[in-house]
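Participant: Guided by the hints, dock chains B and C onto chain A, whose structure is given.
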Amino acid sequence: MNNVIALAGVVIKELYRRKDFYVLFVLTALITLLLGSVNFFNDPKIVRYLKDICLLLIWISSLVIAITTAARQIPAERENRTIFPLLAKPVTRGQVIVGKFTGCWLACGFTLLVFYVFFTVVSGTREQNWNLEGILKMVWLHWVMLGIVVAMVLCGSIVFSAPSANITICFIVVVGILGLGRYLHRVALQQGEPVDTVLSVIYFAIPHLEWYDVRDFLVYDQHLAPWVDCGLATLYGAAYMVFFMCVAWVVFRRKTLTV
Amino acid sequence: MSDVQGTSNSVVEIKGLRVEYRARTSGQTTKVAVKDLSFSVRAGEVFGFLGPNGAGKTTTMNVLLGFVNATGGEACLFGVNVREPIARQRIGYLPELTYYYKFLTAEELLRFYARVFGIPRGEADKRIDLLMKLVELEHARKRPIKTYSKGMQQRVGLAQALINNPDLLILDEPTSGLDPLGRMKVREIIQRLKNEGKTVFFSSHELGEVETVCDRVAIINQGELKVEGRVSDLVAQYQCDLEKVFLKIVGYQPQPVS
Amino acid sequence: MLRLVLLAVVCFSLATLLEPRAMTWGNRRQADGVLKIVFGEGRRLFANHFFVQADVSFHSGYYPSIFDQAKRPKESPMVSDRNEHDEHDHDSHHPDADTHGHDESAHEREMAFLQAPKDWIERFGRHFIITEHTHLSGGKEREILPWLRLSAELDPQQVETYTVAAYWLRLRLGKVKEAEEFLREGLRNNPNSYQILFELGRAYYESDHDVGRARNVWELALRKWKEQESSKKDPDLSLRARIAENLARLEEQEGNFDRAIGLLELAKKASPHPANLEARIAELRARLASRATPK
Chain A
694 MNNVIALAGV VIKELYRRKD FYVLFVLTAL ITLLLGSVNF FNDPKIVRYL
744 KDICLLLIWI SSLVIAITTA ARQIPAEREN RTIFPLLAKP VTRGQVIVGK
794 FTGCWLACGF TLLVFYVFFT VVSGTREQNW NLEGILKMVW LHWVMLGIVV
844 AMVLCGSIVF SAPSANITIC FIVVVGILGL GRYLHRVALQ QGEPVDTVLS
894 VIYFAIPHLE WYDVRDFLVY DQHLAPWVDC GLATLYGAAY MVFFMCVAWV
944 VFRRKTLTV
Chain B
2 MSDVQGTSNS VVEIKGLRVE YRARTSGQTT KVAVKDLSFS VRAGEVFGFL
52 GPNGAGKTTT MNVLLGFVNA TGGEACLFGV NVREPIARQR IGYLPELTYY
102 YKFLTAEELL RFYARVFGIP RGEADKRIDL LMKLVELEHA RKRPIKTYSK
152 GMQQRVGLAQ ALINNPDLLI LDEPTSGLDP LGRMKVREII QRLKNEGKTV
202 FFSSHELGEV ETVCDRVAII NQGELKVEGR VSDLVAQYQC DLEKVFLKIV
252 GYQPQPVS
Chain C
1372 MLRLVLLAVV CFSLATLLEP RAMTWGNRRQ ADGVLKIVFG EGRRLFANHF
1422 FVQADVSFHS GYYPSIFDQA KRPKESPMVS DRNEHDEHDH DSHHPDADTH
1472 GHDESAHERE MAFLQAPKDW IERFGRHFII TEHTHLSGGK EREILPWLRL
1522 SAELDPQQVE TYTVAAYWLR LRLGKVKEAE EFLREGLRNN PNSYQILFEL
1572 GRAYYESDHD VGRARNVWEL ALRKWKEQES SKKDPDLSLR ARIAENLARL
1622 EEQEGNFDRA IGLLELAKKA SPHPANLEAR IAELRARLAS RATPK
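These protein sequence lines are chains A, B and C, in that order.
If you read the first sequence in the numbering used here, its first letter stands for residue 694, the second for the next number, and so on.
If you read the second sequence in the numbering used here, its first letter stands for residue 2, the second for the next number, and so on.
If you read the third sequence in the numbering used here, its first letter stands for residue 1372, the second for the next number, and so on.
By construction, these hints were calculated from the structure, which means they are not laboratory data.
Restricting the straight-line Cα-Cα distance to at most 30 Å, the calculated cross-link-like pairs of lysine-lysine (DSBU-like) are:
#1 A/K706 to B/K151
#2 B/K103 to A/K712
#3 B/K32 to A/K948
#4 A/K830 to C/K1511
#5 A/K738 to C/K1511
#6 C/K1407 to C/K1511
#7 A/K948 to B/K147
#8 C/K1604 to C/K1639
#9 C/K1597 to C/K1639
#10 B/K127 to A/K706
#11 A/K712 to B/K143
#12 A/K706 to B/K103
#13 B/K143 to A/K706
#14 B/K134 to A/K706
#15 A/K738 to C/K1407
#16 A/K706 to B/K147
#17 B/K16 to A/K948
#18 A/K712 to B/K151
#19 C/K1548 to A/K738
#20 B/K143 to B/K186
#21 A/K948 to B/K103
#22 A/K948 to B/K36
#23 C/K1489 to A/K830
#24 B/K249 to B/K36
#25 B/K143 to B/K127
#26 B/K16 to B/K249
#27 B/K147 to A/K712
Far from chain B by the CB rule (all over 10 Å, computed), these chain A residues:
#28 A722
#29 K738
#30 L756
#31 V814
#32 Q821
#33 V832
#34 V852
#35 V866
#36 Y876
#37 Q884
#38 T890
#39 L892
#40 P919
Every residue, glycine too, gets a C-beta built ideally from N, C-alpha and C.
Chain A on its own, in the form it takes in the complex (with noise of 0.2 Å):
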């Protein structure tokens, strides 16, 4: 637990010490206090497009952070030979998988905390309405859906040889399946087979990410789902987390480090 910590300190680092975040950060804030600026038909009461965008942004921006950190863990620290003086200690490969993953995930959650709490700011100010239940929902679930990704990057990370790759091939899986993972069942069914085995064993295959994404539900101030259904989509991406990175482990453990 230790050497798991300790790892996930150092990817923390990493991360506040690179400007990705800074730049994602102000882009995001400068986006949005720009459009918060301009005046739509002299009506100052008008937030939610405010809200729209500006949550649109916080997604991409939290997608971008947390597919580029964890898809550079591991091939980072091979290129750069820091992987040789790190597994040279009393550290196993899989406590290796298990740092940086929690690294990513703690990372990706503080960027979450500071991106929602300038996001609570500007909508809460505008609006004069504080829904902090659902913003908390709305971050909880959010951070459960980078877990899932983060698990998934790393573990591509391993498997893939080149990082670009890795990131680009996660990047389109992910906004694939929060596009369409909805819809593939049904449109499996209207097709013939093989077609519809192929996209149905997709569609029961991947994890649905498309469920944490509970924006319109914040934007249209419309109730988020109970804790009960949060609880269980969090079992849910747990599950998804922890197969991820197992077979990052598997794969890991018998990949040949040489110096």
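Facilitator: Only chains B and C this time, still in chain A's reference frame:
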């Protein structure tokens, strides 16, 4: 030609070690990097591991450090199989090419490794202060490693290898790329460690250095152990310095200069 | 270095030479804002997306996806409400008509696109999507405006954006001045649009009570309609009918009964309620006759 003495005070014990790299494509054949290698390193000695490029030295070290799985045979550190992470609890490792987390400072790096070894915070702080003094990096301890010169990075490497006060130090070409002053400092550190009763296992191409510092050496070539013994015994046996012993063992024939 | 400078000079000269000519290429007023430059010709796709986004916003997120496209409402209440408002005004003379209720239930049926879930994943996933069909009301209709504004910015030639926005601004949000400004902007971008002229006339008549301006604008709308639609195989008769009906109401109010009768006759040809109009024509004729008879 092996001189395996399976003594109870063996820190490193290698028996019948075999490492094969399987062919990845159909045109390639399986490469045997290490063939039935057996030797041991006793506690408190400075052991030189020599051989030409491609002899299998790095592969053997990789097995000891757990980077590579052996195809056959056994390797143990302090009597524990090298596959167990606990086997590395009492070792320090300095790779030939020293690369560390560039975004960390030297102090942060050492603190990280100290934590991995489970060293309590207070104890870690004391050791970091000592090591910074030893490797003469006190003035730069709070600077990120990416701002360090090659020599400074090498010294950070030495510091991280010593953070856990190891009983066995594994050094891969420790003086490679260092100026004469740097090499002298490394030799002094090795001697100091020996005086403290530590074991040092290192590979090097600087045979003059090896002859001065080492108690025993092993020379391997093409994955096989060719000779192992005390430096003085080998020099007496072959009636020449260690460099010539090495060249004879690896079968080097000098070309006549016209 | 000299070659680069020469190239820059040639390009600059060419641009200056061609710029006045380029202005005369095509009849449409080219949009030149930042968004249009960024998006290029693809801006029309984005404009359409933002128009749909306004509808999504109107339905508070409950909206069919592209996979439910077959089930998409033919005309959303965001768009069709302005027509029903118009008809409702006339129907207030004839309370038997119940088209509003009929359209609402049809819309409800159209918006029931969520089928029974096919598997446990879809069933559980329903907890995380909006499944309640609502429309914005009580002043919250303002939330659709930014999307309509963006849509108009990106495709100024999409006339419906202006008319829909103007309806919601004027009638539901009480922003008459803003509605008129937006319609005038639409008219600058689409000088021959009878739809925008019609809405502008409504603003002048219903909100500003400026009879003169309303009459001028509606008559211009009828002329523009005649120029553009009369030669078509399938002209937009319903909108002409609405323009004529509204103008007839104005003339009736001003006491120009014979002009009003002529317009109602025109409207009757394509009105969904010809019986109502016939009754109004008869009423006007009676009033005209009573006016003509000396006491």
